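Using the hints provided, position chains B, C and D with the ligands relative to the given structure of chain A.
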Amino acid sequence: MPRLQMTVEALRERALFVRRDIIALLAKAQSGHSGGPLSSADFGTALFFHEMNVNPSRLDDPGRDLWHFSIGHVTPVIYSLMGERGYFPLADLLGFRQLNGHLQGHPSKHDTPGIEVSSGSLGQGLSVACGMALGSRMDGASRRVYCVMGDGEQQEGQIWEAAMFAAHYKLDNLCGIVDYNRKQIDGDVETVMGIAPLASKWRAFNWHVIEVNGHDIAGILQAFDEARATSGRPSVILAHTVMGRGVSFMEDDYKWHGVPPNRDQAEQALKEMGTSLADWTARLESWTRPEVAPGLRAAS
Amino acid sequence: MPRLQMTVEALRERALFVRRDIIALLAKAQSGHSGGPLSSADFGTALFFHEMNVNPSRLDDPGRDLWHFSIGHVTPVIYSLMGERGYFPLADLLGFRQLNGHLQGHPSKHDTPGIEVSSGSLGQGLSVACGMALGSRMDGASRRVYCVMGDGEQQEGQIWEAAMFAAHYKLDNLCGIVDYNRKQIDGDVETVMGIAPLASKWRAFNWHVIEVNGHDIAGILQAFDEARATSGRPSVILAHTVMGRGVSFMEDDYKWHGVPPNRDQAEQALKEMGTSLADWTARLESWTRPEVAPGLRAAS
Amino acid sequence: MSGTTKTAAPVPPAPVNLAKPEMKRTREGFGHGLVDLGERRKDVVVLVGDLTGSTNVNLFAERFPDRFVEVGIAEQNMMCIAAGLAATGKIPFLATYGAFASCRSADQMRVTVAYTDLPVKIGGAHGGISVGPDGATHQAMEEIAIVRSIPNMKMVVPCDYWETRKATVALADDPHPNYIRFGREPVPVVTGPDTLFTLGKANVVREGSDLAIIACGVMVYEALVAAEELSDRGIQARVLNVHTLKPLDRDQVARAARECGAIVTAEEHQIHGGLGGAIAEAVVQSYPVPIEFVAVHDRFGRSGKQDELMAAFGIKAPDVVRAAERVLARKRAR
Amino acid sequence: MSGTTKTAAPVPPAPVNLAKPEMKRTREGFGHGLVDLGERRKDVVVLVGDLTGSTNVNLFAERFPDRFVEVGIAEQNMMCIAAGLAATGKIPFLATYGAFASCRSADQMRVTVAYTDLPVKIGGAHGGISVGPDGATHQAMEEIAIVRSIPNMKMVVPCDYWETRKATVALADDPHPNYIRFGREPVPVVTGPDTLFTLGKANVVREGSDLAIIACGVMVYEALVAAEELSDRGIQARVLNVHTLKPLDRDQVARAARECGAIVTAEEHQIHGGLGGAIAEAVVQSYPVPIEFVAVHDRFGRSGKQDELMAAFGIKAPDVVRAAERVLARKRAR
Ligand SMILES: Cc1ncc(C[n+]2csc(CCOP(=O)(O)OP(=O)(O)O)c2C)c(N)n1
Ligand SMILES: Cc1ncc(C[n+]2csc(CCOP(=O)(O)OP(=O)(O)O)c2C)c(N)n1
Ligand SMILES: [Mg+2]
Ligand SMILES: [Mg+2]
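Chains as they are written, first to last, in numbering that gives the first Met the number 0: chain A, 0 to 299; chain B, 0 to 299; chain C, 0 to 333; chain D, 0 to 333.
Not one of these hints is a red herring.
Coverage of chain B stretches by chain C, computed from C-beta distances (three or more under 8 Å per stretch; other residues unrestricted):
(1) 120-134
(2) 154-167
In silico lysine-lysine, DSS-like type, Cα no more than 30 Å apart, as pairs:
(3) C/23 - C/153
(4) D/315 - B/108
(5) C/41 - B/108
(6) D/200 - D/315
(7) A/254 - C/304
(8) D/153 - A/108
(9) C/41 - C/200
(10) A/108 - D/245
(11) D/330 - C/200
(12) D/304 - B/108
(13) A/108 - C/315
(14) C/19 - C/304
(15) D/315 - D/153
If you are wondering where the hints come from, they were derived from the structure by calculation, not from laboratory data.
Keep in mind it's a predicted model, so treat the numbers as computed, not measured.
Even glycine gets a Cβ: it sits at the ideal position worked out from N, Cα and C.
Looking at chain A on its own, in the form it has when it is part of the complex (with noise of 0.2 Å):
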């Protein structure tokens, strides 16, 4: 079952499962980033769940679509889609960040099989993409490279580098996805250090470039087939989302980039989503098992 391709439905329940892993790994390791994970969830779970051709009980299926997180920060979210998919048992999201663990705070390649390439340090990951896709594009292979980059990030130099790069290679097999989430660490994007007009630039970069309401599932999935269908270039879908989304008291907030909840807000955040800290450790708890998990429905 390599590509799910869940329907919308599925996938807003799916999206809803990583919000609440997010929330319940960040209490458990006291450290790590809260706001972008969240943002990026509703994407991300698109292309885990539908959009890609992913085998994580093959992990080096020839056949498989390759995905690169550029922001390394974001490892909440990344691992809650790698445990919900099926890389590995959900119980081990409690070991976040710890010692003995093998979820790093930045991804790891060598600690968590799955993960294609490590990173951590802003701006390098779509240049990463660029080989990929090049080099699946050389042994003649149909494989998709999807990279997530965020928006502060776009502060980056090599991004543009790997942009003309990607052009000049007419690279269509590559996906960039921006979390347009308006913040980053020191505040709003555009006063720290604006970024806009950031279609524009993608379009003089020359890329084909798709806007969507990054929390739209139903809008995502149509940004995904619109950028399969381009052919001759790269498709850069600007994600415009909400940071902190899905929790009331972080939303739009920039002070919740590299913060975790403590066990109150924690609480808080989880009631707010149907559920409760002790329920949903307990459901991560006793997953130690590798596989896909099954629906909201199914499991709550």
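For chains B, C and D with the ligands alone, coordinates are given in the frame of chain A:
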């Protein structure tokens, strides 16, 4: 006489001088770059002999404008302009790239007084100019800052970091100039790594863009005026030039990016420019005091 | 508070309760040092790359907003903007994580800053493994090697809050480029506001001549603890705080080699090219003696808690004690 | 031609006329090594940053255009694209000037390449001062220090055309990231097509036990010339070619220290953290002896001719001889 504001006619003559200097000094050194220096000679001359307020006899003049060549490899034109403008004796040009000379292969502040910041690694100069422009504004100085870039150099991501910064900080005292000669070391820029549409890129980074024929002195002066008159954003002049301009057998040929003419070729080039290697070398040799060299008619 | 003109040598170690030291963040020393500077001189400006809070330059930003420059996530740009500011007469301090300050903008540091010899001051936060849960990518452990190799650069790794604060101030007076490394988590305070700090001069923080433990950064505390433990066994270790890695105080190092005959180096850095490398280079050129290295053994860091990590990577006081035993055995065997 | 499986030890120095050696460019060795590889394995791809001719990857590009990737002037991008290619099973070699390979893309080398431990092969051209007239910015002299500090990286500095060619081939078989440094101008050929090259194993290229001269790169030739001169004065110098700086052949180095009791290191690199630093680190941990360093003394290069520069910076054979005299005096004085 900080701002010379020479006439178009005088500037054309001066640019011819500069080209002769370039050939003569390269012929002597038998090492160095021909193509870019010759394509930059016209706007370079307009900068040094019309536009900029510089004071070679008082290098730390607080009222001076600041200039920086981000393309450090075009030292032949930089040093010719400096010599002609009186920063050091023209005779020094003949010590280019030699162990005991003060004219290094790439600009070195501590070897060549008048150079504000050393360069030679591409892509860094516009950032330096941003710092200069911001520092000047902090001091309430009315000074302008000029930065010369290459077109191949536009492939460096740091250029786009600096572009973003300058627009964000509304550095309208900053003027970039791109030597758009369509060539770089490995060939045509559009073949090596396409940068088109370059004007759209700069516009998408919120700069005021001026396109001009980089060999049309009158047009260049107008462009400088337009940049000076632009407020609230930095300006970039895309100077469309021809690599190797002024030497028939070098024009538009990327192979001349980084090599000097041999003696015969230098002789041929100088003949095309109405002088000889012996005569022009003699002019340089005889010039042992730093001062602004007189115009073509007076000198030849 | 001036870093270089207080009480004269010999430098008394502040009265430290090694068993229960006061804990303070070195990055706050950097932040407070910047504020000290901001008050004293108008030409000091501060740049940051979207890490205002984590590098503690927020303290300066709040007080001197007109001299604070947010660059966003663009370290290469930041390094060269600082150079441009220096070219107009400013004394720019820039701050980002040390991993990025040393690596992401290494070419800019080398060519634009160091070759031009501009007084750009580079603040590298989150130095060493003690950064903790962020893991390997954010744990700067190659900085000493990189910065030491570049001409015109100076490199300082202060041992605690006070030394970081004084070093920050002292670096502004040095008309050349330099780099200061500090950490994230609170670490033991082992100096006081009046302890002498002179750029380029090592401090003997404990006398002894059976062996010398030469340390920098947080390892100065670990060295002191180790020396105490060794003293209980009748071994008197001299402890040298080499806060300035470049230029190295070669005289003090040679003296330590000559008078003690055995050395342990202790650093929160990769084993190649760091403090240990610098000391080895100096010693073989002056007075060759056995040296044991306490350092990170050429491996990347990982997520964990400060103390857990230091123990797991073998750079706590007991590791220093064991290294001392090894080097003493070698000394005796010569 | 396989780099590691020819005639067994002891390694005979090729019969070299030291007074008038054959001169060949090491960068051509890199180019030819790539062609050797291109013929042998389909997974080798080559990337370049607008320096096809100067790095001599043109030789590969002409033969295997489908496996050649022009990246333009974007070294950071190139390093990570190489990583991405490696992630899809390729063995990517990238080429640019060493100054940029080591500094402009240091963070990319550290995080994306080395931390992920991908088999990216980094070719650094124009290593050392012998680059000549381009001057300081283009003379890579910090590479050994930088690369050595990064975990998982290997570092090779071959001594001549043949060794560069063999090393290039050998590096492709190493499933980890590594870095090879070569130069621009022709340099003396001191090995032959059959001289043994084993990654990580130093070659004794001349026997002797009064002192050891440990060299890499073009300095192996200078060391041999110096040894000849010393021999005329009755001093027998062992010459060790340490082509692999990391991992260092610690056994051979310790043996040299033990058997010779004095060492001169010779490298075309900054004095801090390079070959001298690596040897010093190894020696103080095994058998401490006096060492003198022949290297560039912590200053930037400048424009000039290859030989002029090497003389001006004090790294020619006579400088090695003088260093030998100094170290022998120290050995005697112990
Ligand atoms: C090269 C580099 N510089 C700085 C950092 C520190 N850092 C981590 S996340 C971040 C902000 C990223 O902003 P954005 O891409 O918008 O992500 P978001 O805050 O929305 O999650 C910064 C500066 C880094 N990881 N890498
Ligand atoms: C960072 C960096 N990478 C590579 C080089 C080598 N290099 C020098 S000039 C040049 C080509 C520059 O092209 P362009 O800007 O168009 O200048 P032009 O050839 O027109 O003079 C290159 C790649 C360099 N100096 N710096
Ligand atoms: Mg964001
Ligand atoms: Mg060009």
